[in-house]
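S.K.: Each chain, letter by letter, is given below.
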Amino acid sequence: MSQTLVGTSVKRKEDPRFIQGRGKYVANLQLPEMAYIAVKRSPYAHARIEAIDTRAAEAMAGVLAVFTGQELIDSGVGKLPCGWVVPGCKVPTRWPVVPIGDKVRHVGDSVAVVVATSPYIAEDAVEAIEVSYTPLAAVTDAKRAMQPGQPVLHDDIPNNLSYTWALGDRPTIEQALSASAHVIKLDLTNQRLIPNAMEPRAAVAQWNAATEEMTLWTTSQNPHPIRLLLSAFTLGIPEHKLRVISPDVGGGFGSKIFHYPEEIITPWVARKINRPVKWVASRSESFITDSHGRDHVTHAELGLDAEGHITALLVETWADHGAYLSTFAPLIPTAFYHCLLSGLYKIPLIYGITYATLTNTVPVDAYRGAGRPEAAYVVERLIDLAARELDLDPIAFRRHNFIQPEEFPYQTPVAMLYDSGDYNRLFDKAQELSSYSELVAAREAARAEGRLVGIGVSGCIEASGPAPSKIAGALGSAVGFWESSIVRVHPSGKVSVLTGSHTHGQGHETAFAQIVADQLGVPMEDIEVIHGDTAAIPFGMGTYGSRSMAVGGSAIVKSAEKVRKKMLKIAAHQLEAAEEDLAYDFNGGGVYVKGSPSQKKSFFDLSLGAYTAHNLPDGLEPGLEEQAFYDPANFTFPNSAHICQVEIDRATGEVSVQKYYAVDDVGNVINPMLVDGQIVGGIAQGIGQALWEYGAYDESGQLLSGTFMDYAMPRADVMPVIHTARTVTPSPHNPLGVKGAGEMGTIAATVAVAHAVMDALAPLGIRHLDMPFTAEKVWSAIQEAA
Amino acid sequence: MTAINVVVNGKSYTREVEPRLLLVDFIRDTLSLTGTNIACDTSQCGACTIHLDGQAVKSCTVLAVQADGSTITTIEGLANGKLHPMQQAFWDQHGLQCGYCTPGMIMAAAKLVEDNPEITEAEIRHGLEGNLCRCTGYQNIIAAVAQAAKA
Chain A
1 MSQTLVGTSV KRKEDPRFIQ GRGKYVANLQ LPEMAYIAVK RSPYAHARIE
51 AIDTRAAEAM AGVLAVFTGQ ELIDSGVGKL PCGWVVPGCK VPTRWPVVPI
101 GDKVRHVGDS VAVVVATSPY IAEDAVEAIE VSYTPLAAVT DAKRAMQPGQ
151 PVLHDDIPNN LSYTWALGDR PTIEQALSAS AHVIKLDLTN QRLIPNAMEP
201 RAAVAQWNAA TEEMTLWTTS QNPHPIRLLL SAFTLGIPEH KLRVISPDVG
251 GGFGSKIFHY PEEIITPWVA RKINRPVKWV ASRSESFITD SHGRDHVTHA
301 ELGLDAEGHI TALLVETWAD HGAYLSTFAP LIPTAFYHCL LSGLYKIPLI
351 YGITYATLTN TVPVDAYRGA GRPEAAYVVE RLIDLAAREL DLDPIAFRRH
401 NFIQPEEFPY QTPVAMLYDS GDYNRLFDKA QELSSYSELV AAREAARAEG
451 RLVGIGVSGC IEASGPAPSK IAGALGSAVG FWESSIVRVH PSGKVSVLTG
501 SHTHGQGHET AFAQIVADQL GVPMEDIEVI HGDTAAIPFG MGTYGSRSMA
551 VGGSAIVKSA EKVRKKMLKI AAHQLEAAEE DLAYDFNGGG VYVKGSPSQK
601 KSFFDLSLGA YTAHNLPDGL EPGLEEQAFY DPANFTFPNS AHICQVEIDR
651 ATGEVSVQKY YAVDDVGNVI NPMLVDGQIV GGIAQGIGQA LWEYGAYDES
701 GQLLSGTFMD YAMPRADVMP VIHTARTVTP SPHNPLGVKG AGEMGTIAAT
751 VAVAHAVMDA LAPLGIRHLD MPFTAEKVWS AIQEAA
Chain B
1 MTAINVVVNG KSYTREVEPR LLLVDFIRDT LSLTGTNIAC DTSQCGACTI
51 HLDGQAVKSC TVLAVQADGS TITTIEGLAN GKLHPMQQAF WDQHGLQCGY
101 CTPGMIMAAA KLVEDNPEIT EAEIRHGLEG NLCRCTGYQN IIAAVAQAAK
151 A
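As they're listed, the protein sequences go chains A and B.
Heads up: the first sequence at position 628 corresponds to 628 in the working numbering, and the numbers run straight through without jumps.
Heads up: the second sequence at position 6 corresponds to 6 in the working numbering, and the numbers run straight through without jumps.
Bear in mind the hints are in silico, worked out from the structure with no lab data behind them.
Take the hints with a grain of salt, since some may be wrong.
Listed below are the simulated DSS-like cross-link pairs for lysine-lysine, each with C-alpha atoms no more than 30 Å apart in a straight line [claimed, not checked]:
1) A/Lys494 to A/Lys565
2) A/Lys272 to A/Lys241
3) B/Lys111 to A/Lys11
4) A/Lys494 to A/Lys558
5) A/Lys24 to B/Lys11
6) A/Lys494 to A/Lys11
7) A/Lys565 to A/Lys13
8) A/Lys13 to B/Lys150
9) B/Lys82 to A/Lys11
10) A/Lys11 to B/Lys150
11) A/Lys24 to B/Lys82
12) A/Lys470 to A/Lys346
13) B/Lys111 to A/Lys24
14) B/Lys150 to A/Lys659
15) A/Lys13 to B/Lys111
16) A/Lys494 to B/Lys82
17) B/Lys82 to A/Lys13
Computed footprint of chain A on chain B, listed as stretches where at least three residues anywhere in the stretch have a Cβ under 8 Å from a Cβ of chain A [as the list claims (entries may be wrong)]:
18) 97-107
19) 126-132
If you're wondering where the values come from, they're calculated on a predicted model, not measured in any experiment.
The C-beta atom is built at its ideal place from N, Cα and C for all residues, glycine as well.
Build out the structure end to end from the sequences listed, making use of the hints.
M.R.: So this is what it looks like as structure tokens:
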């Protein structure tokens, strides 16, 4: 092969529309006769709905209708399903709109729906709805929720315990820990985060009463699974009569994977009133309705032998799932968490258990990293403390316990089979990039001056591109994890690439086009990538878990290979040559006779010829379009070494990240610019978790950080310059050799910054603080230590 | 309802508006210029930044009636036959991912550079702290603004 667009930083094909204000976001849709939905939401975390008086709202000019939950239920709308049910899991009942007589279970739960001729009138009418509640005591703490005497959210789920999930043999691990020379113990929390994609969720629905077809535009990372859930479980419109379109979507970070009530309500109303309707979340609504992330309370123990080798790991976690099970919630603190607890290390024995509880808070599900950052944080905090307590350099201690390059594929004791990696080389590069020894010397000098300077190191693993479908099914998944693609060569030789992956910032329109350009030898500008429309794309699984390139990209490679094979057959027939005597021209497309390049059928000729069908081999079907489904053999395992330096202002407790170095092994790279963008953006979210972000609830279940004034997002003036570099160990099991790149930055940065802060505070005798390391928290710790 | 007249992207519009109508909703819904996005309801995010009589303004903080008689430029009106240097720089430097904050970011940045052609990195970071981006970590946005300042 030649034409090597793969591996180069091609500028994005999607950008011209975004930089000129021509993005096709759902909220931008304007349809004739459009009506607008607003949702009445519970101000209580836990309360019984006694009555709803909608008369005043209905009487307002411009209000078309007001609906309560029972009307949806009576018309056949179903409960929101959970798409990942682990053994023994109790799934709470969740209606799109809570009916009278039932309970609201978190602030923001839907109570009634207004539809009006303008969004302003709809908002007014929501205020005019009178709801009589009997408030109930709330519980907002994952661990407390399962204790006796606490408020119970769902009558059929005693102690608010949805399920318990364990991996490993506890007595064996406890025995190994008690026989260990050192045991590091730690209690920690991984705080609740709010994803906050910049585009709030939105839905627009249009019903055609004559054909009984519904079109739903929704801000989803995976329109096909949403259509399936709407058809089979909630809305009840059959799949062939329901078109779901997710056009340009303004960021997701996991929060737009899930099936949300408004996605059901909007088309239901559109059909009911026979007009197009639009619902757009306000940011305040996003905070109390988009699924949150993380929220673990954990106790962990790490055993070491006298030589400093890890002997065993025990992890016990209470995971808060919020008021209901969001679509994939049970996956996150189970397989995506415990199966990553081996980190980069040889840990012979691991036991993990999760108690998954329900509380009066917004449901918790996947947020960038999803279980894997929580695992990395537990493992790495223990590793860092072990190094500190044994008085070893944190990198030297890590190297002492690394899985070695010759040990791949490496079977961990927690089910994962790591595909490839070279962690020593990774850290060699990180130490070189950061001038690590100089950093350490500078820290010592700063400390001698009494300054609170710290260096943080993280070494993280991720399992990305969830796979294979057979295993996912055995673990509780209701869906498969393959991906589809079609490469369609038009009669004029232009190419459309249809993918079941969804891009909402990642740059697939560019990266996938690079792949096809190399595979077919045609120019980038002749290729268009199409995604996000169930009427155009065969079934697809969407984008999450850093899967798009490894799984979606691999499907595209397979399609392109099939196109080349067909072109070869046509050319062989037309050139009257044997296929083995022909070669594909990767620099320009087409097929030529080996050793005689002038005897050639051009890409254009073969494309047109496939459609005229005037001169095709006997038995070959006309057309030039090939479909492929790719089910990956395994996850891919990106890994990283990040090093950063922080300084803490002793007088205020404020932490500033001064230097940040990131070395990531994401396998082969299709577009370095895009990969760096993913890594750096991910690091910003990781720093955000470490220093500022916290979805804080008070005991009554009110969200205290429910606006951008209270929830501290990373801003331009507090972000450091991030230096990136790469090592490459290709994944051996996909045709591109790629690993996921979307989540590692977030996973690694949280850990690296946490370690830097703890390192800065270590001279004061502070062993551990829980994130976020806000100025107030750090200042208080400094005062207490003094 | 109150009649207002505004010039948006060089075109004059007279429209009857409710006194409470936000300028951003006027731009998006009344004039169908949907390039200006809304990402919060507390004036924190800057996604709706436009140019109002030569100033970069968060259009969610202004009522449409207050804009009566004003001249407005939105992202759709920034390019003048060819891309504005700031638009070009965002493209060149991969200064956007999902694109949702981008129109507001470009409008804010264009004004920053216009006011301060010799702008430093620290000044760019400070000047854009009222514009949130969740995708990029800001690094390539800063690089884009620096490129545009040199253009």
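S.K.: Within 30 Å, alpha carbon to alpha carbon, are A/Lys470 and A/Lys346?
M.R.: Since the Cα atoms of A/Lys470 and A/Lys346 sit roughly 27 Å apart, the hinted pair holds (cutoff 30 Å).
S.K.: Does A/Lys11 sit within 30 Å of A/Lys494, going by the straight-line distance between their CA atoms?
M.R.: holds, 20 Å
S.K.: Starting from A/Lys13, check that the Cα of B/Lys150 is at most 30 Å away, please.
M.R.: holds, 24 Å
S.K.: Taking only the CA atoms, is the gap from A/Lys24 to B/Lys82 under or equal to 30 Å?
M.R.: holds, 21 Å
S.K.: For the pair supplied as a hint, B/Lys82 and A/Lys13, is the alpha-carbon distance within the 30 Å limit?
M.R.: holds, 17 Å
S.K.: Run the distance test for A/Lys272 versus A/Lys241: straight-line Cα separation, threshold 30 Å.
M.R.: Given that 30 Å is the threshold and the Cα spacing comes to 16 Å, the pair holds.
S.K.: Hint check: A/Lys11 vs B/Lys150, CA-CA at most 30 Å. Holds or violated?
M.R.: holds, 20 Å
S.K.: Does A/Lys24 pair with B/Lys11 here, judged by a C-alpha cut-off of 30 Å?
M.R.: Satisfied, since the Cα-Cα distance of roughly 23 Å is no more than 30 Å.
S.K.: B/Lys150 and A/Lys659 were given as a pair; does the straight-line alpha-carbon distance stay at or below 30 Å?
M.R.: Answer holds: B/Lys150 to A/Lys659 is near 26 Å, not above 30 Å.
S.K.: Can the restraint linking A/Lys494 and A/Lys565 be considered satisfied, given a maximum Cα separation of 30 Å?
M.R.: holds, 18 Å
S.K.: Are the Cα atoms of B/Lys111 and A/Lys24 separated by 30 Å or less?
M.R.: Given pair B/Lys111, A/Lys24 holds - Cα atoms ~25 Å apart, limit 30 Å.
S.K.: Assess, step by step, whether the Cα of A/Lys494 is no farther than 30 Å from the Cα of A/Lys558, and give holds or violated.
M.R.: OK: A/Lys494 and A/Lys558 at ~18 Å, within 30 Å.
In this structure, every one of the numbered hints holds.
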